[in-house]
Amino acid sequence: MSFDADVCIVGAGAGGAVAAWALTRQNLRVLLLEAGPRFDPSRYPTHHPGWENSLSPFQAVSTRPEHLSYESGEREVLDPEFEHLASRSPTAFSRVPPRRRRPFYYSRAIGVGGSTLHYQAEAHRFPAHAFRMRSERGVGADWPLAYDDLAPYYERIEHLIGVAGDPVNPFKPARGPFPYPAHPLSPASRVLADAARGLGWQALANPVAILPRPLPGREACHYCNGCTRGCAVRAKGSVDVAVIPEAERTGRLEIVTNFNATTLEYDADGKISAVNGFDAEGREQRHPARAFVLAAGAIDTPRILLNSSGGAHPDGVGNQHGQVGRHLMELLFVNRRALFDRPLETYAGIPIDSRIWDFNGAAGGAAGPAGFVLGQECDVFLGPVGYALEAVEGFGPSHRDAMRRHFGAAISLLGIAEQLPRADNRVTLAEAKDRFGLPLARVETALDRTDLESLSSMWERLGEIAESGGLELIGQVTAYDTPNATHVGGTCRMGSDSRESVVDAVGTVHGVPNLVIADASVLVTQGAGDSPSLTIQALALRSAEALAERARRWEA
Amino acid sequence: MKRRDFLVGGVIAAAAAAAGVAQWLMGRGGDAGPRAAPDPTPPASPPRDAAPAAGAIFPSEDHALLLMVADLIVPREGVYPAASETDLIPRLEAWGADSPSRRRIYVAGWPELKKMIGRLPSVDGLPDTRRLARRMRAWHRRFRRRRRGGRGGVNFFEQLRRDVLRLYYASPAGAATVGYIGPVHRPQPGPASGA
Numbered sequence: 001m002s003f004d005a006d007v008c009i010v011g012a013g014a015g016g017a018v019a020a021w022a023l024t025r026q027n028l029r030v031l032l033l034e035a036g037p038r039f040d041p042s043r044y045p046t047h048h049p050g051w052e053n054s055l056s057p058f059q060a061v062s063t064r065p066e067h068l069s070y071e072s073g074e075r076e077v078l079d080p081e082f083e084h085l086a087s088r089s090p091t092a093f094s095r096v097p098p099r100r101r102r103p104f105y106y107s108r109a110i111g112v113g114g115s116t117l118h119y120q121a122e123a124h125r126f127p128a129h130a131f132r133m134r135s136e137r138g139v140g141a142d143w144p145l146a147y148d149d150l151a152p153y154y155e156r157i158e159h160l161i162g163v164a165g166d167p168v169n170p171f172k173p174a175r176g177p178f179p180y181p182a183h184p185l186s187p188a189s190r191v192l193a194d195a196a197r198g199l200g201w202q203a204l205a206n207p208v209a210i211l212p213r214p215l216p217g218r219e220a221c222h223y224c225n226g227c228t229r230g231c232a233v234r235a236k237g238s239v240d241v242a243v244i245p246e247a248e249r250t251g252r253l254e255i256v257t258n259f260n261a262t263t264l265e266y267d268a269d270g271k272i273s274a275v276n277g278f279d280a281e282g283r284e285q286r287h288p289a290r291a292f293v294l295a296a297g298a299i300d301t302p303r304i305l306l307n308s309s310g311g312a313h314p315d316g317v318g319n320q321h322g323q324v325g326r327h328l329m330e331l332l333f334v335n336r337r338a339l340f341d342r343p344l345e346t347y348a349g350i351p352i353d354s355r356i357w358d359f360n361g362a363a364g365g366a367a368g369p370a371g372f373v374l375g376q377e378c379d380v381f382l383g384p385v386g387y388a389l390e391a392v393e394g395f396g397p398s399h400r401d402a403m404r405r406h407f408g409a410a411i412s413l414l415g416i417a418e419q420l421p422r423a424d425n426r427v428t429l430a431e432a433k434d435r436f437g438l439p440l441a442r443v444e445t446a447l448d449r450t451d452l453e454s455l456s457s458m459w460e461r462l463g464e465i466a467e468s469g470g471l472e473l474i475g476q477v478t479a480y481d482t483p484n485a486t487h488v489g490g491t492c493r494m495g496s497d498s499r500e501s502v503v504d505a506v507g508t509v510h511g512v513p514n515l516v517i518a519d520a521s522v523l524v525t526q527g528a529g530d531s532p533s534l535t536i537q538a539l540a541l542r543s544a545e546a547l548a549e550r551a552r553r554w555e556a
Numbered sequence: 001m002k003r004r005d006f007l008v009g010g011v012i013a014a015a016a017a018a019a020g021v022a023q024w025l026m027g028r029g030g031d032a033g034p035r036a037a038p039d040p041t042p043p044a045s046p047p048r049d050a051a052p053a054a055g056a057i058f059p060s061e062d063h064a065l066l067l068m069v070a071d072l073i074v075p076r077e078g079v080y081p082a083a084s085e086t087d088l089i090p091r092l093e094a095w096g097a098d099s100p101s102r103r104r105i106y107v108a109g110w111p112e113l114k115k116m117i118g119r120l121p122s123v124d125g126l127p128d129t130r131r132l133a134r135r136m137r138a139w140h141r142r143f144r145r146r147r148r149g150g151r152g153g154v155n156f157f158e159q160l161r162r163d164v165l166r167l168y169y170a171s172p173a174g175a176a177t178v179g180y181i182g183p184v185h186r187p188q189p190g191p192a193s194g195a
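Respectively, the protein sequence lines represent chains Y and V. Yeah, the first sequence ends on 556 if you go by the working numbering, and it's all consecutive. Yeah, the second sequence ends on 195 if you go by the working numbering, and it's all consecutive.
Same shape as in the complex, but just chain Y:
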């Protein structure tokens, strides 16, 4: 290892990449360790016939057994009072009606870019109240910073990744223009906007990190709707194309791919001295540096901290008060699949081009204590295969007729709610071990009545939209029985009190000044249904610049 790193970062996803970008711009030499490979976007399969049956390269890597780093905890018994929320499909393989929730599934992408490789590029600023949930709503917890503290970092990230949006949103704090104007609304969103208007709500353009105009090395979006399979033209602001190349141009970034970080090494005072792990050939390696950033995601970051127990950190790094792994927040979602009365080319366009924020900032009533966001997404209806399997039932001539009638008319009405943080929803270490002999993460998560009522309220509101817009509901998938961790967070949360949190307001682990966490682990609340990636990135930028400032003081 010839690269002499000032800072070693674990994880090249939304947070790790931004931290690397920020630190290299502060003249620090950065070693970026990533568990997966680096992908060539031009190899993504979205522009080939038959693409619906193909995994993207990062999907194939991420689902390999050797990358399994967690196990699902005990499955929660379902509350029959909320049976209306049970997932059902008119077409797919039916299953025994589950009496317990399905196993926890951690939806992620492993590789340079992390989950931004498959994200749908929603670029939301959390609402101001999300940072003061305890003070304003009496639930959850307060962040150790306010919206105004983060706003300048949000703005810088929006320019870095290229966000297109409409600044006029009465449900959000006032703001300046986005770097790019909003993409035009799709026909489906226009129908839904009318339906929402009939209910007194507003469907507004969704801010997305998707370029409407080309940049050097990146094409403009051509509305293929394949964002979740990876953007072959680099229009989507995934960090592998929008952030890392710029950091590499400084000459101060070294990336090591296919490296599995396992533990942190530290001195007698508890200060971190190296990251240990295994390279692509399974050889044990040690990467020393002066400071460290953990950005491995809300399951693997606490796993690394807990697996690093011993000496100065007998219960795991940062875990002196037993907070590491607690307050896991999963994704509370309701997808109600529906058919418009006519084809609207719903398989094309931007995956989630509009949202309804009427319940995002509201408190009480239908919004519940935490709030949620509604909207629509393409979901599984990306092309004819999705329709043949999920929208149209049966086979033979009737199937073919229905395919012709409905192709381009299916949509998923989507609701995402805030799951309030609870200490018992958590990541611990499992008995089972990975291929390197280290305990897997064990993910324990359950819904409480507030969560179920939030799901139920979203389900009802989406039903009202369907009725108002004349849509026929054909099936649903919900978090009631299907846990989803696409937006998992909170397992090393921020706070000013080390007895209730793991990191401080600039992501530094309490009591470990040279260790920063820069991923979804640090989230305190979930933004009332807004997508977390922009907040993760804004926090990572803020934390990395604070770390750089500290590093300068160490040198002095």
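Quick caveat, the hints were computed from the structure, so don't treat them as lab data. Treat the hints with care, since some could be wrong.
[As the list claims (entries may be wrong)] Here chain V is said to cover these stretches of chain Y; the calculated rule only asks that three of the stretch's residues, wherever they fall, bring their Cβ under 8 Å from a Cβ of chain V: (1) 252–265; (2) 380–386; (3) 439–450.
[Stated by the list, open to error] If you want a taste of the chain Y side facing chain V, the calculated C-beta under 7 Å gives, among others: (4) T46; (5) G50; (6) E52; (7) N53; (8) L389; (9) F407.
Don't be surprised by glycine CBs; every beta carbon is placed ideally from N, CA and C.
Chain V: place on chain Y using the hints.
Chain V only, in chain Y's frame:
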């Protein structure tokens, strides 16, 4: 791939299928350049072994029966080809070989289904089409009614139904039947102004 290329590929595939050359067209996949063989999985997919030889999962003596079932799932209509006209067997073999669990389902399920089909009256060694179609509808209903699926052959039939539909509509000819132009360069659907 540009929109025009994909469109041209799909239209040609549908028309040529009627002329009995769909197999050749499927190999072209709608691209301007030639392709060696039909492939349900494009080049960017995870690497896997070359497609297995015909009969690796489904014995060659069963192909006629398998295609008969497939054509009842996706029958021919006008210029649009039936499932059997989309080079189905090699693609089904490749799809099965791509996943060990799927391969296991295929290998175990097909003999069960064949046994169930064998109980039907036959004409020239193949089951009567009408009776087979009726029976298939019953299997489908049985699978859905039981929710956990039926046994053996019924479960496999459901898998086969889904996979035939999947492979058919992933082909340019299948996509053309619903007017799908592919995930290609295009403007955002609808007018350009805001809502």
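Evaluated hints:
1. 252–265: violated (count 0)
2. 380–386: Satisfied; 4 residues make the cut.
3. 439–450: n = 0 at 8 Å, threshold three: violated.
4. T46: holds, 5 Å
5. G50: holds, 4 Å
6. E52: Check passed: Cβ of E52/Y comes within 6 Å of chain V, closer than 7 Å.
7. N53: With a closest approach of 5 Å, the N53/Y hint holds.
8. L389: Cβ of L389/Y sits 6 Å from chain V, so the hint holds.
9. F407: At 4 Å from the nearest chain V Cβ, F407/Y passes the 7 Å test, so the hint holds.
Of the hints listed earlier, those the structure fails to meet are numbers 1 and 3, in rising order.
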